[in-house]
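Visitor: Protein sequence lines, in the order shown, are assigned to chains A and B.
Residues 1 to 365, numbered by my numbering, are exactly what the first sequence covers, in order.
Residues 1001 to 1311, numbered by my numbering, are exactly what the second sequence covers, in order.
Just so you know, these hints were derived from the structure itself, not from any lab.
One should not assume that every hint holds.
Said to hold, decoys possible - Here are some of the chain A residues that sit facing chain B, going by a computed Cβ distance under 8 Å:
id: 1; residue: 70
id: 2; residue: 74
id: 3; residue: 80
id: 4; residue: 82
id: 5; residue: 83
id: 6; residue: 105
id: 7; residue: 106
id: 8; residue: 109
id: 9; residue: 110
id: 10; residue: 122
id: 11; residue: 154
id: 12; residue: 155
id: 13; residue: 180
What the hints assert, rightly or not - A few chain A positions that, by computed beta-carbon distances, are all more than 12 Å from chain B:
id: 14; residue: 25
id: 15; residue: 32
id: 16; residue: 135
id: 17; residue: 200
id: 18; residue: 290
id: 19; residue: 304
id: 20; residue: 333
id: 21; residue: 340
Cβ atoms here follow ideal geometry from the backbone N, Cα and C, with glycine treated the same way.
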Amino acid sequence: MTGAAFDTVAEPGHRTLTYRDALRETMRDALARHPHVIILGQGVDDHKAIFGTTLGLADEFGRERVMDTPIAEEGMTGVAIGAALGGLYPIHTHIRVDFAMLAMNQIVNLMAKYRYMFGGRLTVPMLIRLVIGRGWGQGAQHSQSLQSMLAHVPGLRVVMPAHADVIVAGYPWLVARHDGPVISIEHRLLYDVEFRVGAETAPASPFFSRVARPGKHVTVVATSIMVLDALRAAEHLASTAGIQVEVVDLNCVSHPDAALVTESVVKTGKLLVLDTSWQAYGVCAEVCRLVCERRPDALSAPVVTMGMAPAPCPTGKTLEDRFYPNLRRLVAALARLATGHDDHGIPLPDDASQTDVYRRFRGPF
Amino acid sequence: MAIAFASLHERLFYQALRIRLVEQRLVELYPSDAIQSPVHLSVGQEAVAVGACEALAREDLLFGSYRSHAFYLAKGGDLGAMLAELCGKATGSGGGKAGSMHLAAPDVGFMGSSAIVASTIPHAVGAALATQRLGTKRIAVAVFGDGATEEGVYHESLNFAALHRLPVLFLCENNGLAVHSTLAARQAYRITAHAEAYGLPTSACEAGADFDEVHRVVLAAVTAVRRGEGPRLVECRTYRWLEHVGIGEDFDAGYRTRAEFEAWRAHDPLVRETALVARFAPAIRAEIAAAEAFAEASPWPAEDELLTDVA
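Generate the whole structure from the sequences, applying the supplied hints.
Guide: This is the structure we're talking about:
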């Protein structure tokens, strides 16, 4: 499938690559540069290779370093923790977030606690890569976006890269410089999207939030692929109504930049939080907490949140389309928030204009 | 202080007695509330830790459970740091964040202990994987109780270790009890037969109070693991003298009998060999008193320690 273009204007000193290629490149570099790196997960060495992100690496580096594993999520997470304690840097993959629920004991009770509960005497440097599924009937158990359950637990750092540059700069930084456990939640539908990144990218911490598009009328704080939706909505509102939406990519959901978010809200006075998950007890609730504890006076209108409908994900197409926020509903919510009324007269994109990415995705997985 | 031992038996006796006297001192101290931490005492089970650790090298990595005072000390963990930790002091092994259930002494290969049953077993397997990849000589040891063998992660760990022939020893301290539940109420399998189904050679030690015998059985297994012959399982039968958590006896609770306890006690070298007790106890008690004084004199953690070493 041809990737949907995003942020791909060619400029000197830049190159274009897909999210998938960024992942494969960083996985390969990690193995090539660091003899203590291993990649383990179900199917990392097969022909599908975690959606292509580990393709060819078992042949190049050996199956001792790119290890297929038994179907044993808790056990293998524990093995990864022990390997980290023994001097390796494990990169553990799960092709769906949902499968990691079987490993929650190790993630929450052990991995997150090892540094603290032994007074800093033991550390667990490792990376867990989880993939969110969406579309083509992924259903209740292949679609969950459970970042808030993970980010809730002190001891874990959770990132949701919305741009390939976070992977190209961030993953090498984690392997080389960070001695704690990190969970990166990647979105399946980002894999085919093309991004523009620097031709030479220095390793840099991925624990940040950033302004992905500056604006002055309304702030959208978004996660993962929702950042792309927010940017499309911002472009639509700018071109049709002159409304300048500021898009904040939260990126590090466990340690978000509260000052950056607050500063944006102080500037615009209006906040919409757009998450890949359910609103209750999640990123939407947390971003509201960050703002309300700092500058509730900055809000000139009630906060709006958007995410998955409060139900398990249905499989049938019409229900599934309704389950997720779409561009039309997002633009409508932003137009209402920015203007203060329903009869704003701003043209909305029709449902058919939902992003190419989602329309083109034909699965099966 | 240097103490001369005439034999391996005497040296192991000294170590086992030291652990018992430490825990008996904890029993005496507990009512003072100086130790505000749940304690899962190893009284009666010391010989397993002492015999097993004698078969290990300092750099071997051992992973324990919430009942780990004995293994922490037998592996070489510092007594002062342990007592300070139990009292929540800054000089404790975990700086006052660990308590009794999360002792660690990575400098001597005691790689931490967890209150979630069976949860560190895969860590030993992972440490063995690291050893295999990095080409180091050390082996890894998972120490767990009979109850832990009922957890799914135990099965996952045996399978992966056997599949990759990892240098790991699975050491089961079978005291026949999971809190107050007996083996008969919990297990449809025998622990050694089950491990053999994964291809692990196993050995059993029925005399778990006899540190010489434990040492002999564990050393044979460790030697095979160290030679690269793949993982092994050793099951040691043992007996927990005190209640699951806390300092009391609970033979009147109805789930076990005092007669069982008396049978184990009758075979316990630390009870029978009174001459050695008399010879070694004074030096051990002096060491314990010094460690207690160290713990008592140690400062509390600074307030800002609350948020250090989080992530």
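Visitor: Run every hint past the structure and note whether it holds.
Guide: Against the structure, the hints come out as follows:
no. : hint : verdict
1   : 70   : holds (6 Å)
2   : 74   : holds (5 Å)
3   : 80   : holds (6 Å)
4   : 82   : holds (2 Å)
5   : 83   : holds (4 Å)
6   : 105  : holds (6 Å)
7   : 106  : holds (7 Å)
8   : 109  : holds (5 Å)
9   : 110  : holds (6 Å)
10  : 122  : holds (6 Å)
11  : 154  : holds (5 Å)
12  : 155  : holds (5 Å)
13  : 180  : holds (5 Å)
14  : 25   : holds (23 Å)
15  : 32   : holds (16 Å)
16  : 135  : holds (32 Å)
17  : 200  : holds (30 Å)
18  : 290  : holds (18 Å)
19  : 304  : holds (31 Å)
20  : 333  : holds (34 Å)
21  : 340  : holds (41 Å)
Checked against the numbered hints above, the structure breaks none of them.
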